Amino acid sequence: MDASTVICTSTLASSFVLFLFLYLLAYFVVFRNWDKELRKEASSSFMSLTHGTPAVILAIHALLQTHSSHTFASPNSYFHNRVLEFSMGYFLMDLLHYLVFFPNGILFILHHLATLFVFATCRFLVCYGAYEILVLLILAEVTSPCQNIWSIAGLRRADDPTAATLYQVLSTPFLVFYSVVRGILGPLFVFKMGLFYSSGEANGLIPGWAWISWMVVISTAILVSVLWVLNHWIYWLRERSRLARKKVT
Numbered sequence: 001m002d003a004s005t006v007i008c009t010s011t012l013a014s015s016f017v018l019f020l021f022l023y024l025l026a027y028f029v030v031f032r033n034w035d036k037e038l039r040k041e042a043s044s045s046f047m048s049l050t051h052g053t054p055a056v057i058l059a060i061h062a063l064l065q066t067h068s069s070h071t072f073a074s075p076n077s078y079f080h081n082r083v084l085e086f087s088m089g090y091f092l093m094d095l096l097h098y099l100v101f102f103p104n105g106i107l108f109i110l111h112h113l114a115t116l117f118v119f120a121t122c123r124f125l126v127c128y129g130a131y132e133i134l135v136l137l138i139l140a141e142v143t144s145p146c147q148n149i150w151s152i153a154g155l156r157r158a159d160d161p162t163a164a165t166l167y168q169v170l171s172t173p174f175l176v177f178y179s180v181v182r183g184i185l186g187p188l189f190v191f192k193m194g195l196f197y198s199s200g201e202a203n204g205l206i207p208g209w210a211w212i213s214w215m216v217v218i219s220t221a222i223l224v225s226v227l228w229v230l231n232h233w234i235y236w237l238r239e240r241s242r243l244a245r246k247k248v249t
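So in UniProt numbering, the last spot in the sequence shown is 249, and the numbers never skip.
Be careful, since some hints might not be right.
Stated by the list, open to error - Label pairs and their in silico Cβ distance ranges:
{"hint": "1", "residue 1": "29", "residue 2": "213", "range": "35 to 41 Å"}
{"hint": "2", "residue 1": "235", "residue 2": "38", "range": "18 to 24 Å"}
{"hint": "3", "residue 1": "227", "residue 2": "103", "range": "21 to 27 Å"}
{"hint": "4", "residue 1": "163", "residue 2": "203", "range": "33 to 39 Å"}
{"hint": "5", "residue 1": "116", "residue 2": "65", "range": "45 to 51 Å"}
{"hint": "6", "residue 1": "164", "residue 2": "103", "range": "27 to 33 Å"}
{"hint": "7", "residue 1": "99", "residue 2": "235", "range": "39 to 45 Å"}
{"hint": "8", "residue 1": "163", "residue 2": "192", "range": "37 to 43 Å"}
{"hint": "9", "residue 1": "238", "residue 2": "28", "range": "34 to 40 Å"}
{"hint": "10", "residue 1": "64", "residue 2": "103", "range": "14 to 20 Å"}
In short, the hints are calculated from the structure, not lab data.
For clarity, every value in this text was computed on a predicted model and none was experimentally measured.
Ideal Cβ placement from N, Cα and C applies to all residues, glycine included.
All chains should be modelled from the sequences, with the hints used to inform the complete structure.
See the structure below:
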């Protein structure tokens with residue numbers, strides 16, 4: 001094991017410890033006066049909030065620092081691997097959160113396991129393809145600040161007027177932003193990935209089992225995201241309709 005591998009592997013461990021600390025900070029300090037069940041959900045969202053923006057910044061930095069790896073199936077760089085491990089630490093900690101507190105949250109558990117599979121195989125087994133994984137990470141996490149603040153406000157909107165107002169103010173711009181990123185940009189990039197891999201240009205670099213499994217996981221995640229935001233748009237329209245009828249009466 002060379003020095004860079006040791007350093008990167010330590011990034012995974014330190015990242016996990018960091019997010020464990022942030023989760024406990026949120027649970028016992030930031031949301032200490034909240035209802036016990038809401039504290040669990042809010043702490044997960046707080047941890048996601050502290051992961052999202054740094055992950056985007058680190059991923060962009062890694063891509064800019066590695067000018068020779070701006071193509072599909074390019075070799076992973078030292079910077080690529082550090083970002084992958086940083087995010088793996090977060091997903092491991094959030095997976096632990098769901099396994100302990102919400103074991104029936106099968107969709108989230110499967111999502112985290114699938115994401116960890118893609119990241120871990122890219123980082124430790126294949127050692128190629130981090131470019132496309134990091135671009136997708138950027139697209140997935142760029143909505144994180146708005147999404148998590150919106151989610152945390154949503155937990156208290158029924159009993160806190162300030163939270164309710166913040167939730168209403170953020171709903172429309174967040175849903176629009178999320179729809180553009182996850183419903184348009186994400187699918188377009190994944191489509192380009194599929195064309196590249198199916199053309200055979202990755203042969204000899206990324207094994208067939210790897211890119212096929214990555215495409216299945218990523219495409220499924222995109223589909224679930226589209227269905228999720230569509231469901232929220234339907235709810236948003238119903239709420240607007242209800243409020244309009246209330247004003248009339």
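Violations among the numbered hints, reported as their numbers in ascending order: 4, 5, 7, 10
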